Structures are given as C-alpha cells and as structure tokens.
Amino acid sequence: MKRWLLWFALAPQTFLLAGMLRDLGLPRFDFGALACLYLAFFAQRPALPWLLLGFAAGRCLVDAASLPVQLLVLGIPVGVLLPLRALFFGQNWLALLGAAALCAAAIPRLAALCGSLFGQPSMTAVIDLGSMLWTTLLVPPLLWVLRALPPFAQFEERA
Amino acid sequence: MRKRSEAFPVGLYGMLLFALCWLTLPAVFAPLERLLLGATCIVPRLAAQFLGAPVQAATNTPVATPAALLARIAEHDLRAPVSLQATGLVPLHCAVIATGKNGGGGQVAELLLDHSYAELAGCSELVTKGDMLLGTLATRGRGPAALDAPDDPARVLLLNHGASRPQYAAMRTADGGALRFVVRAAASVDPAPLRVDLWDDPYRAARLQRAGDPVFTIDLPELPWVPPAGLRLGSSRIWGYPGEADGAPVLLGVFVDPGIEARALSHVVLWRAAAAIAPGQRAAGLEGLHGIKRLPGVLHDLPGVSNGRHLLVVEGAVAPTAAVVHEGRLLGSANGLAFGAALMTSFTASRQRWSLLLLPDDPAAPPRELTAVVVHTEGDVVWLRWRGGERERLPNGELFTGSNGRHCPAGLRVGRAGPHATELDLLEVTVPQASGPFAVEVLDGGGP
Numbered sequence: 051m052k053r054w055l056l057w058f059a060l061a062p063q064t065f066l067l068a069g070m071l072r073d074l075g076l077p078r079f080d081f082g083a084l085a086c087l088y089l090a091f092f093a094q095r096p097a098l099p100w101l102l103l104g105f106a107a108g109r110c111l112v113d114a115a116s117l118p119v120q121l122l123v124l125g126i127p128v129g130v131l132l133p134l135r136a137l138f139f140g141q142n143w144l145a146l147l148g149a150a151a152l153c154a155a156a157i158p159r160l161a162a163l164c165g166s167l168f169g170q171p172s173m174t175a176v177i178d179l180g181s182m183l184w185t186t187l188l189v190p191p192l193l194w195v196l197r198a199l200p201p202f203a204q205f206e207e208r209a
Numbered sequence: 008m009r010k011r012s013e014a015f016p017v018g019l020y021g022m023l024l025f026a027l028c029w030l031t032l033p034a035v036f037a038p039l040e041r042l043l044l045g046a047t048c049i050v051p052r053l054a055a056q057f058l059g060a061p062v063q064a065a066t067n068t069p070v071a072t073p074a075a076l077l078a079r080i081a082e083h084d085l086r087a088p089v090s091l092q093a094t095g096l097v098p099l100h101c102a103v104i105a106t107g108k109n110g111g112g113g114q115v116a117e118l119l120l121d122h123s124y125a126e127l128a129g130c131s132e133l134v135t136k137g138d139m140l141l142g143t144l145a146t147r148g149r150g151p152a153a154l155d156a157p158d159d160p161a162r163v164l165l166l167n168h169g170a171s172r173p174q175y176a177a178m179r180t181a182d183g184g185a186l187r188f189v190v191r192a193a194a195s196v197d198p199a200p201l202r203v204d205l206w207d208d209p210y211r212a213a214r215l216q217r218a219g220d221p222v223f224t225i226d227l228p229e230l231p232w233v234p235p236a237g238l239r240l241g242s243s244r245i246w247g248y249p250g251e252a253d254g255a256p257v258l259l260g261v262f263v264d265p266g267i268e269a270r271a272l273s274h275v276v277l278w279r280a281a282a283a284i285a286p287g288q289r290a291a292g293l294e295g296l297h298g299i300k301r302l303p304g305v306l307h308d309l310p311g312v313s314n315g316r317h318l319l320v321v322e323g324a325v326a327p328t329a330a331v332v333h334e335g336r337l338l339g340s341a342n343g344l345a346f347g348a349a350l351m352t353s354f355t356a357s358r359q360r361w362s363l364l365l366l367p368d369d370p371a372a373p374p375r376e377l378t379a380v381v382v383h384t385e386g387d388v389v390w391l392r393w394r395g396g397e398r399e400r401l402p403n404g405e406l407f408t409g410s411n412g413r414h415c416p417a418g419l420r421v422g423r424a425g426p427h428a429t430e431l432d433l434l435e436v437t438v439p440q441a442s443g444p445f446a447v448e449v450l451d452g453g454g455p
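The listed protein sequences correspond, in order, to chains B and S. Residue 51 is where the first sequence starts when you use my numbering, and the numbers rise one by one after that. Residue 8 is where the second sequence starts when you use my numbering, and the numbers rise one by one after that.
Mixed in with the good hints, there may be bad ones.
[Unchecked claim] Over the 12 angstroms line for every Cβ pair with chain S, so calculated as not near, a few chain B residues:
(1) 51
(2) 53
(3) 92
(4) 143
(5) 144
(6) 145
(7) 147
(8) 152
(9) 155
(10) 165
(11) 187
(12) 190
(13) 196
(14) 199
(15) 200
[Unchecked claim] FRET-style restraints, in silico, Cβ to Cβ:
(16) S:27 - B:136: 24 to 30 angstroms
(17) B:197 - S:49: 36 to 42 angstroms
(18) B:52 - S:18: 19 to 25 angstroms
[To be verified] Per the computed footprint, the stretches of chain B lying under chain S, defined by three or more beta-carbons under 8 angstroms from a beta-carbon of chain S, are:
(19) 68-76
(20) 101-111
(21) 116-127
(22) 166-174
Keep in mind the hints are simulated off the structure, nothing from the lab. Predicted model only: the values in this text are computed from it and were never measured. Yeah, the Cβ is synthetic: ideal placement off N, Cα and C, and Gly gets one too.
Start from the sequences, fold in the hints, and give me the full structure.
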C-alpha cells in the first residue's frame, strides 16, 4: 500500500521534474519515452495498468490532452515493446537506445493521431528532431538513475 | 499460467480498452479524471505556496468587451439592405456562444446565441449579418429545437442545415440576364454549404461557365414567409469537368459559397418589431459578456513553463475549456479539477482551433472573423494559420477572441496582430508573456 501511495504521489511529478531540468538547461527530451521504457522493460507485469495510470496523470500536467488519451499515447508503445522484455532483460544499453529512439518517434505521432481522432489536439504532437535525438541519448542513463530511486525501485521486476 | 500472462498482459490491454471506453463516454468518467488529476496537483500546489504571492488581488471590475470592437462590429453587422430596413423591424445584435452540428459542405450549421428563446419572443425568424442572410431562428418545440426550454439559448439554423427552408434566389449572368432558382442545404460531402436546384431556365443554367457571381434572395409577394429581396446568400461556385480543347466544360452542379466560415461567426443580427421590445428589455443586445460569471483565482507556473501549462487555484468549480483572463486579456483555457485546482493551457501553447476577431487599425475597415490554430511560438510572438473569408493579406490590428464556447466569449484581447511577411495564411501575433503567480479571473458562462 505504501509503495502505491508513493507511486501516485511521486511518479506523476517526474514529468514536472523533467520540465525543471529543462528550465535549468538540460536539452529538451520526452519524459514519456522514459516512462514507456520503464514500464516495458523493468516494471512488474501485474502492476503495469496502475503504473501506467500514474504516468498518464503526470503527462496530463504537461500536455492538454485528456487522461484517456495519455493512457493510449503511453500505453500503446508499452504494449508493443513488452514482448521484447524476454529478449532484452535488464539494463541492456543498446536495446534501450533503440527502444528510446522508437518511443521518441512514436509518442508525438500517437499524440497527433489521438488528437485528430478524439478532437484533443496536443502540444506534444510536434515532431522535433532535436528532441528525438536527445531523448534517445538521455533516456537510458536517466532510466538507470531512476530505477535505483523510490518509487521506481519498489516496482521493479526481479529476474 | 505465469507464462500465459507474460505473453498476453491482460491488465495492460484492459487499461487501454478502458481508455477507449473513457473516450467514448467522457461525461461518465469526467468526475474520475477530475479527482485523479486534482489529487495529482496537490504536490505542485503545495510547492506553489513557497514560490511567492500573487502580485495583485482579483478585481471585481467587469471584464468588458472593448467598446471599440463592439462599435465596429455593430456598425458593419447592422448595415442591412433597404428592403429589410423597409419592413420596420428593429435589429437586435446577439453574440454567438457556441456552434453546433455540421451540415452542408461539412461546415457548422447551428449556432447558439447569448439570448434565450424567451428573450427573443416576437423576433422575426430572419438571421442576418450586414447584407447577408445567414439562416433562421429555430422555432422552439419543433425540429432541432424540439427539446429546448424557453430559457435555453436560442438556436439558429444556418442555411446549410438540413432542416432549413430552401430560399428563392437569383443571380446575374455574364450575358446581362438573370437566372432564378432555389437554394437549399447541400450534402455534407458537397464542395460548398449550399446547392442550387430548380432553375427557371435549365438550358441556360447548363451553359454557365463563370463562377463567383453574387447570389441574392428574391421577393415572392404571394409567399409571406419569404425574406425580403436583395439579401446576399453568397457567390456561385461551378462544379464539373473542364472542357476539352474544342468543347465546352461539362457542368455537374452549381453551388453557393457563403464566403464566411460559420465556425468563426461571433455575432449575428436578429430582427423584431419595435413594439415587441418591452421597457427595460435589452434592445441592442450589445452589452458585452452577458450572463458570464467570474471566479477569482491565482495562476502559478508549472516547471517547464515552455510547455505552456499552468496550475490554477480557484475558488469554485471551473467549467471545461473556461477562459482565463488577466486584465481583460486572454491567457488561455482551463479545465477544472477536484480540490479547487485547474490546469490551464496558455493561448500560445494551445493547438486547438480558435475563433478570433481581428480589429483592423484602419477605422473604416470591418472587423475580420476568422478561425486560426497556433503553429509556432517564439518568445512573445506566435504564428497562427488562419482561414475564413477571402484568402488575402490581413491588415494590422488588434486580435480578440471570437466565439469559443459558452465559457470563452467574444471580445477578450489576445494581442497585436499583423500579416506574415511572405505567407498569406499566417498571422503574426505579439502576446505579452508574464511569469506567475498572479491573480486571474476564470469565466463561467453557465450551462453544460
């Protein structure tokens, strides 16, 4: 119970933390990609839907689209990447770089698609090559750091 | 069993399915979303307590629609043709608070006004703008207004609405003659909102080659419900195949393009007998934000302010897509959450299509009603891709909101606007930016 309280209190705020890092001078990157990678490769499977809900609520803080749209935007890449966990378990840097690039490209497109389908245009639907590059480069090391911290550490699946 | 759940994560796919149901029935799940996001905002709200006090208190002065804008709109909207003025009817200027279903040409076909059916009792069914006939006032209890109550906002059926009555019209042809016909709502897939039917001379009509001729109503004295002659319906648009080198073009149909974007309409004119105006009743209807409540609130920046998202702490419930205003200037639109919080998306970061009013600096120029989407932001400057009316170089002027729903009325100042140097469909707007926290007002137009 304690870990869930911690999750819903802290995990959504990580999207604001990423904004704060950007205000401090870190290059623009998509924190949604980091959330997708954590869920797809490291999080406990039974807890996935509720962990996703926490991240989706966090993404609502930085994007105008509604909560169910955020669930789809983050959840679809997780659904696609999840079967790859059997091949790339753990902090496999190369696999994470590839998956981060995939998420960096897919998330804005999914946001644009959901925005046009459900009439909720999203400010994150813009394809920005610089942001995609920095997402690919920054997400794996940031994920390595976050995995060691609560509440992420408490939900990590052990081999 | 474990292997099966690993291969097919039921919980994750169940959550995605739930999200689709949520999007299908948003009203059912809205309280859940407000609660969850309201709880999520508690942490940034606590943090905001330590990030300074608002620079000023909310005032109780009315959020006035700038008088110059109202005067210019009225000056141009009330310019009716002589035939309509001769009827002895008095114009009543009404603001549009929302647009409804789409109709002919896939364009908006219904408007909701800031006046109720009860307030418009005794009005003629004509709805105009300048010399243009836009549509008719719906009759409460019939057709699309069958379930409307007397206190509900009055509904206008534009001419491209399927339930609108066909209009008798005419246009001058290149040979100096005139063609008479009936204009009715087109299908939603048609290239224009109105289509032409029942020509008085089908042979001449089949040889039409020139588009863009103005189409006007004609008088039929034997039919009392026909509008006065001379009201403009739009201009002709010819649909067909271009002719071969030695042959005439093949005409498939003639449509009428009103030349306005209905989604951009912010004000319309109704007509009623002078005797029907009771003492104390709103005669002109132009007193600005009629029936709009204002909630005081404090706006805080969220980290990563370039996202254009802000936390709003407000006393009371915030309606969906409510306008957030600071000293009469639009800051953005907010969605209410639980626990007295709301999240605001600033105008500069929004990606929705806005209905806007451009008040040109030239005092003789009419205000332009247009819709636009923010395509790029750089500091205080935003670039909007606009549409509405003729594609031409827009003049310099002041940009205001048009009608953007019940909670975001027309007349809120956005910023200084001017045309883009090279692209005709881009508008460059300077929107002053300020970092929070500061006091704001959240508008609430009532209703759903």
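Hints, verified against the model:
1. Every CB of chain S lies more than 12 angstroms from the CB of residue 51 (chain B), the least distance being 16 angstroms, so the non-interface label holds.
2. With a minimum CB-CB distance of about 17 angstroms to chain S, residue 53 (chain B) clears the 12 angstroms threshold, and the non-interface call stands.
3. No beta-carbon of chain S comes within 12 angstroms of the beta-carbon of residue 92 (chain B); the shortest separation is about 14 angstroms.
4. The claim that residue 143 (chain B) is not at the interface with chain S holds, since no C-beta of that chain comes within 12 angstroms of its own (minimum 24 angstroms).
5. Every C-beta of chain S lies more than 12 angstroms from that of residue 144 (chain B), the closest at about 23 angstroms, which supports listing it as non-interface.
6. Every CB of chain S is more than 12 angstroms from the CB of residue 145 (chain B) (nearest about 18 angstroms), matching its label as outside the interface.
7. With a cut of 12 angstroms on Cβ distances, residue 147 (chain B) stays outside the contact zone with chain S, its closest approach being about 24 angstroms.
8. With a least beta-carbon separation of about 17 angstroms from chain S, residue 152 (chain B) lies farther than 12 angstroms from that chain, consistent with its non-interface assignment.
9. At the 12 angstroms boundary, the C-beta of residue 155 (chain B) stays outside the reach of chain S, the nearest C-beta of that chain being 19 angstroms off.
10. With a least beta-carbon separation of about 7 angstroms from chain S, residue 165 (chain B) fails to lie farther than 12 angstroms from that chain, contradicting its non-interface assignment.
11. Once the 12 angstroms rule is applied to beta carbons, residue 187 (chain B) is consistent with being away from chain S; the minimum gap is 19 angstroms.
12. Against the 12 angstroms criterion, residue 190 (chain B) stays outside the reach of chain S, whose nearest CB is about 21 angstroms from its own CB.
13. A cut-off of 12 angstroms between C-beta atoms confirms that residue 196 (chain B) is not in contact with chain S; the least separation is 17 angstroms.
14. Once the 12 angstroms rule is applied to beta carbons, residue 199 (chain B) is consistent with being away from chain S; the minimum gap is 16 angstroms.
15. Consistency note on residue 200 (chain B): stated as away from chain S, and its beta-carbon is indeed over 12 angstroms from all of that chain's, at 15 angstroms minimum.
16. Look at residue 27 (chain S) against residue 136 (chain B): about 27 angstroms separates their beta carbons, and that is inside 24 to 30 angstroms.
17. For the pair residue 197 (chain B) and residue 49 (chain S), the beta carbons lie near 26 angstroms from each other, so the given range of 36 to 42 angstroms is not met.
18. For the hinted restraint 19 to 25 angstroms between residue 52 (chain B) and residue 18 (chain S), the CB-CB distance of approximately 21 angstroms keeps it satisfied.
19. Counting residues of the stretch 68-76 of chain B whose C-beta lies closer than 8 angstroms to any C-beta of chain S gives 5; at least three are required, and the coverage claim holds.
20. Counting residues of the stretch 101-111 of chain B whose CB falls under 8 angstroms from any CB of chain S gives 6; the rule of at least 3 is met.
21. Figure legend: the stretch 116-127 of chain B, annotated as covered by chain S; annotation consistent (8 residues with Cβ-Cβ distances under 8 angstroms, at least 3 required).
22. Proximity of the stretch 166-174 of chain B to chain S, defined as three or more residues with a beta carbon under 8 angstroms from a beta carbon of that chain, is established by the 4 residues found.
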